[in-house]
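*Asks:* Position chain A relative to chain X; hints supplied.
2 protein chains.
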Amino acid sequence: MASDKAGRESDVVHCRNVRQSGLRITEPAEVDKEYMASVFANCTQTWLESIKYHLGYQLDFNFDYAALNTLQPFPLNNFGDPFTKSNYGVNSKQFEVGVLDWFAHLWEIENDEYWGYVTSGGTEANLQGILMGFAQLHYQVNIGTTFKGAIDDLDLVIQTLAECGFSRNQFYIHCDGALFGIMLPFVEQAPQITFKKPIDSASVSGHKLLGCPMPCGVLITRIEHVNALSKDIEYIASRDVTITCSRSGHAPILLWYILSKKGRIGLQKDIQKCLQNAKYLRDRLRNAGVSVMLNELSNIVVFERPPDEEFIKRWQLSCQGNIGHIVVMVNVSKQKLDAFLDELTEKLSTWSKEGAHRCVAFDIGYENCVCLLHSPRRGYCFCFFYRISFDNNNRGRDNGDNRGHVLYNNWRGWLWSRGGSYSNNNASTESQPSNRSVPA
Amino acid sequence: MASDKAGRESDVVHCRNVRQSGLRITEPAEVDKEYMASVFANCTQTWLESIKYHLGYQLDFNFDYAALNTLQPFPLNNFGDPFTKSNYGVNSKQFEVGVLDWFAHLWEIENDEYWGYVTSGGTEANLQGILMGFAQLHYQVNIGTTFKGAIDDLDLVIQTLAECGFSRNQFYIHCDGALFGIMLPFVEQAPQITFKKPIDSASVSGHKLLGCPMPCGVLITRIEHVNALSKDIEYIASRDVTITCSRSGHAPILLWYILSKKGRIGLQKDIQKCLQNAKYLRDRLRNAGVSVMLNELSNIVVFERPPDEEFIKRWQLSCQGNIGHIVVMVNVSKQKLDAFLDELTEKLSTWSKEGAHRCVAFDIGYENCVCLLHSPRRGYCFCFFYRISFDNNNRGRDNGDNRGHVLYNNWRGWLWSRGGSYSNNNASTESQPSNRSVPA
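From first to last, the protein sequence lines stand for chains X and A. Adding 22 to a residue's 1-based position in the first sequence gives its number in our numbering. Adding 22 to a residue's 1-based position in the second sequence gives its number in our numbering.
Just so you know, the hints here were simulated from the structure itself, not pulled from any lab data. Note that CB positions come from ideal geometry on N, CA and C, so glycine has one too. Among the clues, some could well be false.
Claimed, not checked - For the chain X half of the interface with chain A, some residues (derived, Cβ under 10 Å), not all of them: (1) Glu-52; (2) Val-112; (3) Val-121; (4) Val-263; (5) Ile-265; (6) Lys-335; (7) Ser-340.
With the rest of the complex left out, here is chain X (with noise of 0.2 Å):
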């Protein structure tokens, strides 16, 4: 049985077979029409209703796709390099090739300077990255955390390969912009992606901002990294570098129609948006009294986890260990934002006569943290060692280091442990007294 961190069953959480309830496929006899349909119903019911409530996760809806109905039933397939024909005619290379160039443009590379293609997703492109660089030392910019939304300092990055001795062709950085790629290009002042510098590739999410139906992603590199791992593959006509070679020819489509029907304009108007109503939503919650963390240029509201499990499944809230967030996509309106809120509002009341708010200063921060340690009635005693790690990140924070944490859990157990004001109980429903021992 899987536990997380903090000691719970986590199949309490989550693990929730769905074996069950999988869909037997059966012979044509054995179903008529009536029940293919009824299934099909059921489901976009249930996603109908899932997206009513959804908050967690960094993916948009609201867009009418009809005008593909009748490209869907096309084995699209771009085989190998976007740019070389393959003898395989049913491909939309020149849509590849479309929105390629418009992330070149929105990245500032020349059209003849760049190479890349369209990926299953985000990870595929950031593999692709490694294995265009794995020959120099490898560098990964995370320009917009998948958590925090915290964003790497590229020049730092650039200045301190610089200061280490390191020439241009010893090193390779690849920049994963999965959220923020397509996002910071919009937003004024912000560190842009740009091939300006001294980067080698970077890479962006087709189906989190941009709101793809199916799961893909954008790599652009500079040229020069294909021509060292190009191959020739004359099976499918065409020089092949890319990971998985058969390769979907409907997600170039759907990203050059919504780009297409967006724009810039769109896109940017979007945006803004979605960064108004995050500071919206981080304001909501702490006027009512709730740790929350909004970094710089961020749309990710970063909060402690609601101690109800129920609540979290229902607004389909990401969590990770004490926290939660809520990733203000297009869709999320400040309406659905009100219904959130307005519902949060009504539990904090219940959940707070069963203990304090519990401590999120590691993850976000002494400063948002409103637990009974960090609030300012009780001053900062116990949390110097916070103020020690806090600051290397100056465009948000995304502390991925848990030894902090482990000492500050040690602390709590051991407050726990002498019946002190502060309990560890509170905050969960499945969560278990510490077993931890007082630090050595």
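*Replies:* The following block gives chain A in isolation, referenced to the frame of chain X:
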């Protein structure tokens, strides 16, 4: 400039650059609905035309997906483990588990003894297989090679491992069944992928014989392998060991739909039709005097490369060196094959005026080659070395070793340089006289 093994400048054949024909993305203000509709209509026309003549790739058409049109706009994402519910409600894991159970049954492993998922294609399935078995001696068995449709002898592999003293827990066998993984179970007396034998994982492509309109694959592995790899990724409230994490939720629905609509009886009919039509094509090609090979249990007809690149492009034949192939899929009817054969027969007289058949003895065996050296009139005096290398595969031929070929090309060059009756200038419009010397 890339060149293939025969020394042809390969950008004559492929490397037809798509850069110039990319569909530029414009701002919404610049385009109207009619333009967008005309782009899609033009593409549809091109694809329909392509499909008419399509013969070379392992893809299938002919299926009605209209029932799924309403599902297209949903951002279906099957994050992580298919058997574990995620907090993200808009997924199709119920369909995915249905598909996996179906394949588990096909490959004879109990539902509670396997793990697997629907991948982005055959490559990801194979990579995941490699990842699963990384700590052991890893052996990948080809159940149908891409180009010639040869099948590795699984029993021989198992026997050899045993004879070499490997115990069961020291090796990991992955069966790559991209095309044939779904075919063989429906062919009597064919060797089978079965977990009753000591194999560890198996995979199949969903966009080949099953005809899914987007690339996808299925991986099935023994459950103990996933436990070794698994770790809790709480972010998506799901145990994740998949390579890509974000996975299409549309692909499992398409597979579920296709399998449900066709059923095992429908699939068996499809497969029998493919195998029969493949034999029909082989026989007609042989009667027309073309070098041709069809491996046992295969629907891939391999024959000498037509010496006309326009013809190859028109029929979207996939070619490799001296040979090309036709994958006789469900949509490749006798009528389509007849149209192809009629055109080929007509062209043959023109081509034969330009020179004799090229030698493909190394590629498909001297017994299938009708070149001047290997036709019955000329005997087998020059090809003793083929006999040595060709019989090490009891279920078909797919020899990737080119040493024999180079040796033979040297003999051809030697004959040519002595003004012998054999010319290597006969087969391809862009072939050049060989400069190769007599072998040492």
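*Asks:* Does each hint fit the structure? Answer for all of them.
*Replies:* Consistency of the hints with the structure:
Against a cut-off of 10 Å between C-beta atoms, the interface hint on Glu-52 (chain X) holds, since the closest Cβ of chain A lies about 8 Å away. Because the smallest distance between the Cβ of Val-112 (chain X) and any Cβ of chain A comes to about 5 Å, under 10 Å, the interface hint for this residue holds. A distance limit of 10 Å between C-beta atoms decides the matter here; for Val-121 (chain X) the minimum to chain A is near 7 Å, and the interface restraint holds. Taken as an interface hint, Val-263 (chain X) does not check out: its beta carbon lies about 12 Å from the nearest beta carbon of chain A, beyond 10 Å.
Nearest Cβ of chain A to the Cβ of Ile-265 (chain X): about 7 Å, under the 10 Å cut. The hint holds. Annotation: Lys-335 (chain X) was flagged as interfacial toward chain A, and the flag holds, the nearest CB pair being 6 Å apart, inside 10 Å. About 6 Å separates the beta-carbon of Ser-340 (chain X) from the nearest beta-carbon of chain A, less than 10 Å, and the hint is met.
The earlier numbered hint that this structure contradicts is number 4, and it is the only one.
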